[in-house]
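Let's have the full structure, built from the sequences with the hints guiding it.
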Amino acid sequence: MVAPFRRGAFDVSRPSKFGDLAWSELCNFRLRVAVPPGYLVVTNLRDLPGEQRTASGASVHTAVGAANRDLVIVAGRELRRRQQTLGPIKVTSVFKQGDERGGELALKTAVASLKLFQERYGPYPWTELDVAEATLVGGAGGVEFPGMVLIAGMLYRPPSKSTNPLAQLMRMMGGLGELLGRGLGESGGKPAGKKPQGLRELDAMVREMAAFTIAHEVAHQYFAGLIGSDCRNDPAVDEPLAQHAAGDYVKHALGAAAGERIMEQNVKLNYGLYRLLGGKDRPAAQPVRDFPSALSYAAIVYGKAPYFYETLRKKLGPARYARALRSAIDEQRFKVIGLDEWILSLERHAGGPASGVRALAQRWFRGRFGDQDLGVDESGEVVLAAILGKEMVGQLKQGLGLLGMHPRDLFRMLMGKMLGDEETSAGSTKTGSGDLEEALKEMKKLLR
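In terms of my numbering, the sequence shown has 416 at position 416, counting the first letter as 1, and numbering is strictly consecutive.
Do not rely on the hints blindly, as some may be mistaken.
What the hints assert, rightly or not - Using 27 Å as the maximum straight-line C-alpha spacing, the simulated DSS-like pairs for lysine-lysine come out as follows: (1) K90 / K108; (2) K108 / K251; (3) K115 / K251; (4) K314 / K251; (5) K390 / K280; (6) K90 / K115; (7) K335 / K90; (8) K335 / K115; (9) K251 / K390; (10) K314 / K115; (11) K90 / K251; (12) K397 / K280; (13) K96 / K115; (14) K96 / K108; (15) K251 / K315; (16) K17 / K280.
As the list claims (entries may be wrong) - What follows is a set of in silico ranges between Cβ atoms, one per label pair, in the way DEER data are often shown: (17) Q372 / M1: 34 to 42 Å; (18) G50 / R77: 41 to 49 Å; (19) Q97 / G356: 48 to 56 Å; (20) E78 / K315: 34 to 42 Å; (21) G255 / M1: 45 to 53 Å.
If you're looking for bench data, these hints aren't it; they were derived computationally from the structure.
Think of the CB as a built atom: it goes at the ideal place given N, C-alpha and C, for glycine as much as any other residue.
Next up, the structure:
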């Protein structure tokens, strides 16, 4: 991607270690890129027709973009694509060869979520939307740009087949539950050709996670694509809104009960896992640099703050809330705003100070009421059940009870390094797969 352009200059400073890389003012782009033969090129701009070649035989790709905020290019040899139109908008799914199933899900979800968001938030401002499989680092499930979203490769295939470190962790936890079940005298056999129950549940969970993540990134076309914000200094503007919108999409697409469950797993679970590991609640309205770790940032900005909008909708009523949100979006189109300005806009269209918007925002964005408001604490019972399923948690509790441990203790032992918070002295935000493998080996020894 090109460096962000603001106030007449490119920002080439070092980005934060987690969170979005940068933000830009509105820009116009004209792109010409040459790649070796056989490469597919995808950008967040509008592709121009016609194929050109250089004297050396390289393929030349040209594209243009107006009123955009970023320029990003994805290229690869073994890429495939599927396309569908939504009115005048061309939606394209780009994926690696062999990931056709995930690519089809990405296309279906992108089209359906964009259709819903246009109905609720107004017209999509660009003519194309590309959803591209990409190699992302730092645990990110997706990254957004106006006109394009990138989705992590692990979401295109089930964890039972993925080599992604997070998928390996999920497999190990599933295997640990079954190992403990066998250690307690349960039958260790399974029908030939069938995946263990834990892996089947994880595969289903990843499919749902993929749909939620794609909808989240498509929602970013409005927040912070259409309505710009400073993602480094004011991340509480766009990320909670994108989480909220993705939650609305899964409820709309899969029904209220399934959608609520998926939202809890992809929103509240961020906060719950952080608390399970001993992290402390903190305000969401602060710069990315003030969060001590990626986990604390995800917990507060992605896990707690989105429920401001759920609470506000209950307070105002669905119809009044929908009108206020849509009017605020229309008022702020193509601007760059801060959280205070956004809340004032919502308050104005909800009926003024008497609406209670500002008081709710103060509680959710600047307060420390996460445990009370979300019903989550350090015990981790709800979180573990959401991650592993009640049956597997039961197996873990019985097996670990013989060792004088609680499932929460195991998670803290395996994942404590992810906290990177004042509660730990490790200072690391990553847990190596080697550490997890060693922990699993030790557990196997204890159960022999």
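Right, here's what the structure says about each hint:
In summary, the hint linking K90 to K108 is supported, as the alpha carbons are separated by about 13 Å, within the 27 Å threshold. For the given pair, K108 sits about 16 Å from K251 by alpha-carbon distance, which is consistent with the 27 Å threshold. This hinted pair checks out: K115 and K251 have alpha carbons roughly 14 Å apart, not beyond 27 Å. A C-alpha spacing of about 16 Å is found between K314 and K251, which places the hinted pair at or below 27 Å, so the restraint holds.
At roughly 26 Å between alpha-carbon atoms, K390 and K280 fall within 27 Å of each other, so this suggested pair holds. With a C-alpha separation of about 12 Å, the suggested pairing of K90 with K115 holds against the 27 Å cut-off. Restraint check for K335 and K90: satisfied, since their Cα atoms lie roughly 25 Å apart, inside the 27 Å limit. At most 27 Å may separate the alpha-carbon atoms for a hinted pair to count; K335 and K115 meet this at roughly 23 Å.
The hinted pair formed by K251 and K390 meets the criterion: a straight-line CA distance of about 23 Å does not exceed 27 Å. Among the hinted pairs, K314 with K115 is consistent with the structure: their alpha-carbon atoms are about 24 Å apart, no more than 27 Å. For the hint pairing K90 with K251, the CA-to-CA distance comes to about 25 Å; that is within 27 Å, so the pair holds. For the proposed pair K397 and K280, the alpha carbon gap of about 25 Å is at most 27 Å, so the pair holds.
This hinted pair checks out: K96 and K115 have alpha carbons roughly 25 Å apart, not beyond 27 Å. Between the alpha carbons of K96 and K108 the distance comes to roughly 17 Å, so the proposed pair stays at or under 27 Å and holds. Restraint check: the Cα-Cα separation between K251 and K315 comes to about 19 Å, which is no more than 27 Å; the hinted pair holds. Simply put, K17 and K280 have alpha-carbon atoms about 20 Å apart, close enough for the 27 Å limit, and the pair holds.
For the pair Q372 and M1, the beta carbons lie near 40 Å from each other, so the given range of 34 to 42 Å is met. Separated by about 22 Å at the C-beta atoms, G50 and R77 break the suggested range of 41 to 49 Å. For Q97 and G356, the hinted distance range of 48 to 56 Å is satisfied, since their beta carbons lie about 53 Å from each other. About 50 Å separates the C-beta atoms of E78 and K315, a value inconsistent with the hinted range of 34 to 42 Å.
Against the hinted window of 45 to 53 Å, the Cβ-Cβ separation of G255 and M1 comes to about 37 Å, which falls outside the hint.
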